[in-house]
Every structure is written in C-alpha cells, then in structure tokens.
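> Please model the entire structure based on the sequences and the hints provided.
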Amino acid sequence: MKNISIALVGDYDDSVPAHQGIPLSLDIAASDLRLNLKATWLATDNVKDTDLSLFDGIWCVPKTPYVDADGALNAIRYARENLIPFLGTCGGFQHAILEYAQNVIGWNDAVHAESAPQGHRPVISELACALVETTEVVNIFAHSQLAAIYGTTTIREGYRCRYGLNDEFRHALLQEPLVASADDDTKEVRAIELTVHPFYIATLFQPERAVLSKKRSPLIEAFVNACAQNQGL
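Numbering (this note's numbering), first residue to last: 1285 to 1517.
Hints are computed from structural coordinates only; laboratory data are not their basis. One thing to keep in mind: the hints can contain errors.
With a cut-off of at most 27 Å between alpha-carbon atoms, the simulated BS3-like pairs for lysine-lysine come out as follows [said to hold, decoys possible]:
hint, residue 1, residue 2
1, Lys1471, Lys1322
2, Lys1286, Lys1322
3, Lys1322, Lys1499
4, Lys1286, Lys1471
5, Lys1499, Lys1332
6, Lys1322, Lys1347
7, Lys1332, Lys1322
8, Lys1498, Lys1347
9, Lys1471, Lys1332
10, Lys1347, Lys1332
As structure tokens, this is what we get:
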C-alpha cells in the first residue's frame, strides 16, 4: 500500500457530526482504494506555521466561524494556486467562494456575513431558509465533474449550515473557470468547482455525514483518489 497525507483545515470539535464523519469516511475511501491515509487536523490558527507542501490534499471542513479565517483562506488559496486536490464542505464551501472573490476577482472588501455582518460586500450571507440537521435533494448539473463522480444528477445529502452564496453576487463570481455544479429546489447554489484545476470541488452540503447513516460518499472517495494521483501513485 502507498501512503498519502491530507490536511483537514478547521477547528476540531468532537461534538460536531461532520467532524465525527470525516475520519470514518476517509478510512472507508482509503480501504477501498488500498491506500494508507494519514489525516491531520490542522487548526486554522496553525496554518501559518505549517508547510502545506507536505500534504497530498487539503480539505477545508465545517464549523464556522473559524478561529482564524485568514488561515483557512490561505490554505484554500495554496490548494487553488498549486493545483493541490481540494475539497471544501459547508464552511469550506463558503470560504472557497470568499477566497476566490478576494484573490481572483479582486474584491478586497468581500466578506462572510457571519463574521462581518456590517461588511460592504457580503458574498456569503444568511440563507433564506437555514439548513440545520436536514437532508435535502441536490440537483447536480449535467457535464460537471460532480455529475461524473456521482453518476447521477439527483442525490440526497445532509446539511448543518445557515450561510451560503449571496445570490446578488452569483453572476459575477460564477463564470469560468469557477462554476456552479449543483443547486436545489430553491435554485440556490449548493456546489462549485474550478474547471482549470485537477480536483477543486466545494459543497454546501456535508458528504461526510453519509457515513453516519452507513452510506459511502462517492465525492470523498473521488477526493482521496485525486490525492493519490497528485502524489504520482
């Protein structure tokens, strides 16, 4: 078996269901792919002192506000610019959009409304209907990388979040190469991907929760496989 290493960027809390599901999901994916996988929880305030090149993949995990949002944003930017496989879920989805708005679009005043409620440009804002401890239908866009991973255009996934992409900024933000890859019956964006990157996917839903219902996640397995390929295995 080959060895791979993944950074789990976020502030660990064993009471959070997503944090419970992440290591279990990774273990299942690694076993299926016959890999030895080491997952390292990397607190957001420790990112600045960590050599991210040591990891084969970066997963920005749920539970916001982060202790150090800049740490999370820097890890996301590193993965984006260096073509490191990246997965963002829930808070990771929100911060992937925020990082892109600030560093690619050039909106220095882009903010996350949870941590900066008075900000001028809240690219991440409160959802019209909070998605807390709920399972909902997700409509995956045909021809997306996400559709290829799931092999279908309709799935059901779990959520625990109150913030998402502010639709006011959707058109300006989500043009090639960053594109929406899923929505739901509200037509609000539930997943994005970066088309110029080998594997850069972020979802507002939490695929890591599937394992808590004894189900496998195709997305997490695809992410782990991308990490192995990134290492040249």
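> Please work out if Lys1471 and Lys1332 have their alpha carbons no farther apart than 27 Å.
Not satisfied, since the Cα-Cα distance of roughly 37 Å exceeds 27 Å.
> Hinted pair, alpha-carbon criterion (27 Å max): Lys1332, Lys1322. Please report holds or violated.
This hinted pair holds, its Cα atoms lying about 20 Å apart.
> For the pair supplied as a hint, Lys1322 and Lys1347, is the alpha-carbon distance within the 27 Å limit?
holds, 21 Å
> Are Lys1471 and Lys1322 close enough, with their CA atoms no more than 27 Å apart?
violated, 37 Å
> So if I understand the rule, the pair passes when the alpha-carbon distance is 27 Å or less; does Lys1499 with Lys1332 pass?
Distance ~35 Å between Lys1499 and Lys1332 Cα, so the pair is violated.
> For a C-alpha distance cap of 27 Å, please report whether Lys1498 and Lys1347 respect it.
holds, 22 Å
> Decide if the proposed pair is consistent with the structure: Lys1286 and Lys1322, CA atoms, cutoff 27 Å inclusive.
holds, 11 Å
> Just to be careful, I want the Cα atoms of Lys1347 and Lys1332 compared with a cutoff of 27 Å; is the pair within it?
At roughly 19 Å apart (the allowed maximum being 27 Å), Lys1332 and Lys1347 satisfy the hint.
> Are Lys1322 and Lys1499 close enough, with their CA atoms no more than 27 Å apart?
holds, 22 Å
> Between Lys1286 and Lys1471, does the CA-CA distance stay at or below 27 Å?
With a Cα-Cα distance of about 41 Å, the restraint between Lys1286 and Lys1471 is violated, given a limit of 27 Å.
Figure legend: structure checked against the earlier numbered hints; hints not met, in rising order: 1, 4, 5 and 9.
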